[in-house]
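Chains G and Y are the protein sequences, given in the same order. Quick note: the first sequence uses this note's numbering, first residue 117, plus one each step. Quick note: the second sequence uses this note's numbering, first residue 87, plus one each step.
These are calculated hints, taken from the structure and not from any lab test. Just so you know, not all the hints are guaranteed correct.
[Unchecked claim] If you want a taste of the chain Y side facing chain G, the calculated C-beta under 7 Å gives, among others:
no., residue
1, Leu-133
2, Gly-332
3, Asn-368
4, Lys-372
Quick caveat, the model's predicted, so the values are computed rather than measured. Cβ coordinates follow ideal geometry from the N, Cα and C atoms, glycine included.
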Amino acid sequence: MKRRVGDFAAFGGTPAFPAPLHVAQVNLPPWPEVEASFRGIFERRYFANHGPLVRELEARLVELIGTRHAVCVTNGTVALTVLAATLRAGSEVIVPAFTFPATVQALSWAGLTPVLCDVDPATHMVTEATLAPCITERSSAILAVHLWGRPCQPERLEAFAAKHGLKLFFDACHGIGCSSGGRRIGSFGDGEAFSFHATKVVSGGEGGCVTTRDDDIAARLRTIRNFHPSETFCAVPKRMNGKMSEAQAAMTLLGLKHFSENVAANRRRYALFQRGLAGIPGASLLEYPADDSNNYQYIVLDIDAAKAGVERDVFLDLLAAENVLCRRHFSPGIHKMPPYRNGVKDPGAFAGTDQLCARLMQLPNSQTMTETDVETICDLIRSMQLQAPAIRNARRKSRP
Amino acid sequence: MKSCVDDLAVFGGAPLFTSPKPIGQLDAPDVADYLAVLKEAYDARHLTNDGPILRKLEQRLCHLHGTRHCIALANAGLGLTMLMQIFARDRRGEVIMPAFSYRGLPHFCQWAGQTPRFCDVDARTHFLDVRAVEAAVGSATTSILAVCNFNDPGDIEGVCAVGLRHGVPVFLDSVYAAGATHGGRMLGSFAHAEVFSLHATKLLNGFEGGYITTDDDDLDQLLRWQRNFALPGLRPPGPGTESVLGLNAKLNELHAALGLLSVGRLDNIIARNRTRFEAYRNALAKIPGLSLIPYAENESVNYQMAVLEVQADWPLTRDQTVSLLRAEGASISAYYSPPLHRSEHCPADVETPSLPVAEDLARKFAQLPVGELVTLEDVGSICRLLFFIADHGAVVAERLARRVQA
C-alpha cells in the first residue's frame with residue numbers, strides 16, 4: 117500500500133508494476149493448439165474465401181447462441197456495417213451517443229443517417245424513453261448496444277420496435293456468451309453484431325460476425341460480405357470484401373473452445389475487484405445481473421469525484437504512471453465528436469451520456485493478471501482516494 | 087488424354103483434373119517458417135493494433151516499392167474505399183473508373199458515398215483511356231481511380247496529367263500489377279497513392295490483407311488515423327481530418343506474419359510464374375485461334391496471370407471454351423465480363439453510353455489456371471486439351487449447340 121503521495125509513481129515513487137497492464141483480454145489458447153490449427157490450414161492450403169474453418173465457426177456460433185444464422189466477417193465494425201447495409205439507404209437509424217465510434221461510423225458507411233439518442237445513466241444504455249423522441253418518419257431502425265455485455269432490455273426493445281414499425285439491431289460486440297432472460301445475446305431483434313478483436317473475451321486477432329434469425333437478412337448479409345457469384349444469394353446494392361480468413365476462424369474457434377475457462381477466470385478477477393474496491397468512497401464497480409450470464413470481460417468503475425475527492429482523469433493519470441493503463445471508454449460521447457457533433461440540434465439532450473463520459477473508467481483485465489495484480493490495483497485506488505487532499509496539493513504544485 | 091469428343095467432361099467423360107485447378111497464386115511458405123513468425127506475436131501477446139510484425143511488413147513494402155509510406159490494411163477493397171472517402175472531402179460526387187475491370191470497384195465507391203463514372207479503356211493496356219477521362223472529368227469528379235492491369239500498367243502519366251489539370255486526385259488500383267515496373271520504376275510511387283492486395287490468391291499472400299503506398303506525408307497520416315476508427319484523441323495535426331470517416335481496417339498480426347514471409351519469396355514466386363506462363367505461351371503458339379495477352383516489354387512483370395484471347399477463328403465461343411474447361415476441373419472464368427457498366431454491379435441509377443473498347447474486350451478473354459497449385463504437367467494437359475478441341479472444333483461446336491437446343 118502506498119502511504120505517502122511521494123510513493124506514487126506520478127510523484128517520483130517506483131511504479132507498482134514493472135510493465136504496463138492493459139484493459140485488453142488477449143486470451144490466448146495454448147500454443148500447441150494454435151500450432152495444430154495452422155498446420156491444418158497449410159495442409160489444406162485453404163487460406164481465405166469461405167473456408168472450412170469459417171464454416172465450422174459459423175455452425176458453432178449458431179449452436180452456441182441458439183439462432184438460425186451466423187455470418188462471419190473481417191471484424192466487428194464490418195459486422196455492424198454489413199448489418200446496417202441491409203437497411204434502406206438514406207433512412208435514419210437511432211443509435212446511442214454513449215458507444216464506441218464504430219457503432220455510429222458503420223451506419224455512415226452504409227449510407228444511413230445516424231440519429232443520436234441519450235442513454236439511461238443507471239444502465240448506460242438506451243431505453244424506450246430515450247429512443248422515443250428520436251423517432252421520425254424517416255426512421256428505419258434502432259441500433260442498440262449491449263454495453264459491457266449487459267443486455268439492453270432486448271425483449272422490451274423488440275416490442276417497442278415492433279410497435280413503431282422499426283427494425284431492431286444490436287451492437288453485441290461486448291456480448292458473446294451473455295444472456296437475457298435465459299436467452300443468449302445474438303438471438304434478439306433482426307440482427308446482432310459481434311466482435312472477436314484481440315481485446316475481447318473471444319479473439320480471432322481481429323474478427324466479427326452477425327447473427328440473425330431472419331433468412332432474408334442472412335441472405336443479404338452473406339451476399340454483401342463478398343463478390344463471388346457462388347456466394348450471391350439475392351440482389352443487394354452494395355457489396356464489399358468483408359470475409360473472415362481461415363487464420364481468424366482458427367483462433368476464434370480456439371477462443372470458443374476455451375471460453376468457459378476464460379470467463380471463469382474473468383469472474384474470479386471480477387470478484388477480487390469487487391472485494392478489493394468495496395467501501396472506497398465515490399468508487400463503484402459496475403455490477404452484472406446475477407440472473408443473466410455475462411462474460412465478465414469489463415471491469416468498469418464509476419468515479420463520483422465529489423465523494424472520492426479525486427477526479428476520474430486524475431485516477432487515470434496516476435494509475436498510468438503505475439503502469440496500470442485504464443481506458444476512458446467512451447469519451448467524448450459521439451454527440452461531441454466530429455463529424456457527428458455537427459448534426460446535433462440540442463447538445464443538452466445528452467445528460468446521461470455526458471455524465472458517464474466524465475465518470476467511467478475500465479480497469480485492466482487480461483489473461484496474464486494474477487490475484488496479486490488485482491489486489492495491487494485495488495490498493496492503489498484505495499490509497500489514492502485516501503490521500504485525495506494531498507494528491508490535489510501535489511498536482512497543484514507540479515503545474516507549471 | 088481425350089481420344090474422342092465423348093471423352094470431354096462436358097459430354098460426360100471423366101474430368102481432366104480430380105482436384106480443381108485455380109486461377110489464384112496461393113503461395114505458402116513452409117508452415118514451420120510461418121509458425122516461427124507467428125510465435126513472436128503470440129509470445130508478445132500482440133495480435134493486432136499496429137503490431138511489430140505489421141510494422142516490419144510496412145517497412146519491407148516501402149523498401150520494395152521505393153515509397154515513403156506503406157499503410158497495411160485488412161484488405162485492398164477497404165483501401166480503395168478509404169481513399170475514395172478521403173479524396174471526396176465530404177462531397178457526394180463521381181469517381182472515374184474503367185468499365186473493363188474488377189467487379190468490386192463500383193461497390194467500393196458507393197460505400198464511400200460516391201457514384202461510379204465508367205470510362206472506356208485502351209485496347210492494348212486496358213488502362214483508362216486518357217481521352218475518355220478528359221471528357222468525363224468535371225465538377226462532380228471527386229477522384230480518378232485508374233487500374234494498372236497485370237499485363238501493362240498503362241498510361242499513368244496521361245491520366246495523372248488530366249487529374250492535375252483539373253485538380254482531381256488520381257490513385258491506382260495496382261492489385262494485379264504488384265511487382266511490376268513502369269518506365270523501369272517499381273509500381274507503388276505513382277499518382278497520389280496505389281493500392282495492393284495481400285489476399286491469398288494474389289502475388290503476395292497474407293491470408294486476407296492489402297496495403298496503400300504513397301509519398302504524401304499528410305495522406306499517410308490520414309489513412310493511419312482512418313484505419314483505426316479516426317479516434318478523436320489520435321487526430322493527426324495535418325489538414326483534411328474534418329471529413330474523414332473512421333473504420334476498422336487494421337491488418338492483424340496473423341495475416342501480417344504470412345505477408346512478411348511472402349515478400350521475401352517474391353522473386354521466386356515470379357520466377358515460377360514465368361515458367362508456367364512460358365509453358366502456356368509456347369504451347370498455345372501452335373494452336374490457331376488462341377493466344378495469350380502479352381506482358382509489357384522491357385519492364386519487370388509478375389507473370390501472375392495467363393489470360394487467353396479467344397479469336398474469331400477459334401471454333402468455340404469464349405463462353406463455350408470457359409464452360410468446357412470448367413467441366414474438366416479448371417476453375418476458370420471469363421476475364422472482366424460483362425464490363426462493369428453492363429453488369430449487375432452497376433448501380434441502378436447510373437446510365438452509361440456504349441463503351442466500345444470495354445465491351446469488345448469483355449467478349450474475348452478467359453483466365454487460365456495459374457499459381458502454385460498448377461504444375462507444368464497441368465499446363466501441358468490444358469494445352470493438349472485445347473489442341474484436341476482445335477482438332478475437333480466443328481464436332482464439339484455442333485454438339486454444344488445441339489445440347490443448348492435440347
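Verification of the supplied hints:
1. Leu-133: Where the cut-off is 7 Å and the nearest Cβ of chain G is about 4 Å from Leu-133(Y), the hint holds.
2. Gly-332: Hint holds; Gly-332(Y) Cβ to chain G Cβ min 5 Å, cut 7 Å.
3. Asn-368: 28 Å, violated
4. Lys-372: 32 Å, violated
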